[in-house]
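Peer 1: This is what each chain is made of:
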Amino acid sequence: MRIWIIAELTFREAARRKILWTALLLGLAFLTLYGLGLHLMLTGPAAQASALERREGTNALLIVGLYAVNFLMVMMTVLSSVDTLPGEIASGIIQSIAIKPVNRWEVVLGKWLGFVAMLTLYILLMAGGVLTLTGVLAGYTAHNVAPGLGLMWMEGLLLLSMTFLWGTRFSTLATGVLTFGLHGLAFIGGWIEEFGALSHSQAAVKLGVITSLIMPSEALWRRAASEMQSPVVNALGVSPFGGASVPSTAMVIYAGLFLIAAFSLTLRRFSRKDL
Amino acid sequence: MGETIIRTEKLRKTFGPTVAVKELNLEVKRGEAFAFLGLNGAGKTTSVKMLLGLVFPTSGEAAVLGRPIGDREVRRKIGFLPEHFRFHEWLTATELMRMHGRLYDIAAKQLAERTASLLDLVGLGRFAEKRLHGYSKGMLQRTGLALALLNDPDLIFLDEPTSGLDPSGRLLVRDIIKDQRSRGKTIFLNSHLLSEVEVICDRAAFIKQGEVVEVRELQKLIEGDITVSIRARNLSPDIIQGLSQWSTPIRADGEHLTINLASELLLPEVVRYLVSRGVDLYSLSPKRLSLEELFIQIVGTEGGL
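Each protein sequence line maps, in turn, to chains A and B.
If you use the numbering used here, the first sequence corresponds to residues 1 to 275, in order.
If you use the numbering used here, the second sequence corresponds to residues 1001 to 1305, in order.
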């Protein structure tokens, strides 16, 4: 019960402080732009293309749209949650909650769930919007939508959990720098793996995999993209979005365990922290 | 007063090499207003935070309301106004109170009534629906005070409760503390405003460098030690020496003498003694030792941060 009160407070805070509404408003602008672009592409000279070309072109734009959604989701997840623990610890706001008959883990879990609700809403609106627009305007349905969106959601959860973990120890700024810094490593590691696969460099692929083991966030996006990408592109392995070297199911399981470990460590640290 | 409501034994807290609380031994009884006094950096706030379960002791033992510190159910019976009161300022005072009340599992109807009456009590009834970010420091402190009373606690920790308040606010805090005491509640007060402590509290613990150096009953302070300034002639060294049966130390400077007496009741005896020895007595001014003077005597003035 108390977990839900804190989750509700977290969600309401995002709404009251205009974080949620700003993100949703800009999200609508994004979807409008995406829809307009798709419409122009479908009604321009490309309208004369073959059905296969149109389908593959639509799929490519869809994946680019989802890539942009994924980027925005990463930014929103980290930026909206980065201050929640370190900010409230530094200001002392957390003290007024922690002296209530509530366990420390309930405080963290409640906050986490509040942000999970926001993340879920954001992905459903943004990725769901891109998929719906593509379906309505182009009559195209992406492959493996549920696992694809699930993997994007999992990436958000992973970054959220990492932000919480650093937030139990570091300042707001340091928490943000650490989370984005690690995601940046994962991002470049992913591209090294992709180009390594394209250029048949096993060493580069290994380097990319090792980077994903350090921070598996980008691997989840690449697997998500691969799930929703056209089978033709996947077979040719020519897409910049996870076509050449697709993260394995073992990597997805590893990311899940990584997420659980990060969040468990957060609960443990916060439960023992002097406030 | 009988039941011990706070008991600490060799409670210690270190932050790396820094010793914040060296060895806290304390006993507070149910129903008393207990002051916790010391210079800045003496370890008062850390001690309170340990008692509230916000900071974990490095060693030692402590119990609050008969349970180990940090016990979840005990927190249901505790109220706390922190020194640096900060809340979710995007909420209104009503929303804040209701959110905190839900964390105490207070029923909705009772919570609504209690929120309204407490906000009225602290003089914020008119501003109850205004967001806290528009509040002044004093208004926020009043909100914090209302919040500290929300669960009708048995034990209330007030850390510098009047630091942001004007004189009328201070009077309000004093009245609220008196009212809570009359209802059998226990008050644990951290304050630098010693004149208020003197009026409000039953006992005071003096903390110096993370250690309780003395605990005094303040009523005895009122009835007890007085400083007497005397102006007289024909004061021989023998006569002055004779005063030591009532006072130590004695400060003598020509015609002026300053002595400390354990009670005002000793004053006639001193006068009789001086007159009987042929001393010409011009003036005699008894002055009760203020808590401020006692504070300086006990903890000194050095070491504050």
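If you are wondering where the hints come from, they were derived from the structure by calculation, not from laboratory data.
There may be inaccurate statements among the hints.
A few chain B residues that don't get close to chain A, going by computed Cβ distances all over 10 Å [stated by the list, open to error]:
(1) 1012
(2) 1053
(3) 1063
(4) 1082
(5) 1084
(6) 1088
(7) 1102
(8) 1105
(9) 1113
(10) 1175
(11) 1219
Quick list of in silico lysine-lysine cross-link-like pairs, DSS-like style, CA-CA up to 27 Å [unchecked claim]:
(12) B:1029 x B:1010
(13) B:1010 x A:273
(14) B:1178 x B:1077
(15) B:1077 x B:1109
(16) B:1130 x A:18
(17) B:1029 x B:1178
(18) B:1178 x B:1137
(19) A:273 x B:1077
(20) B:1208 x B:1220
(21) A:273 x B:1208
(22) A:18 x B:1077
(23) B:1029 x B:1220
(24) B:1010 x B:1208
(25) B:1130 x B:1109
(26) B:1022 x B:1010
(27) B:1029 x B:1208
(28) A:273 x B:1022
(29) B:1077 x B:1010
None of the values given here were measured: they were computed from a predicted structure.
Positions of the beta carbon are idealized from the N, C-alpha and C atoms, including for glycine.
Peer 1: Which numbered hints turn out to be false for this structure?
Peer 2: 2, 4, 5, 6, 7, 8 and 22
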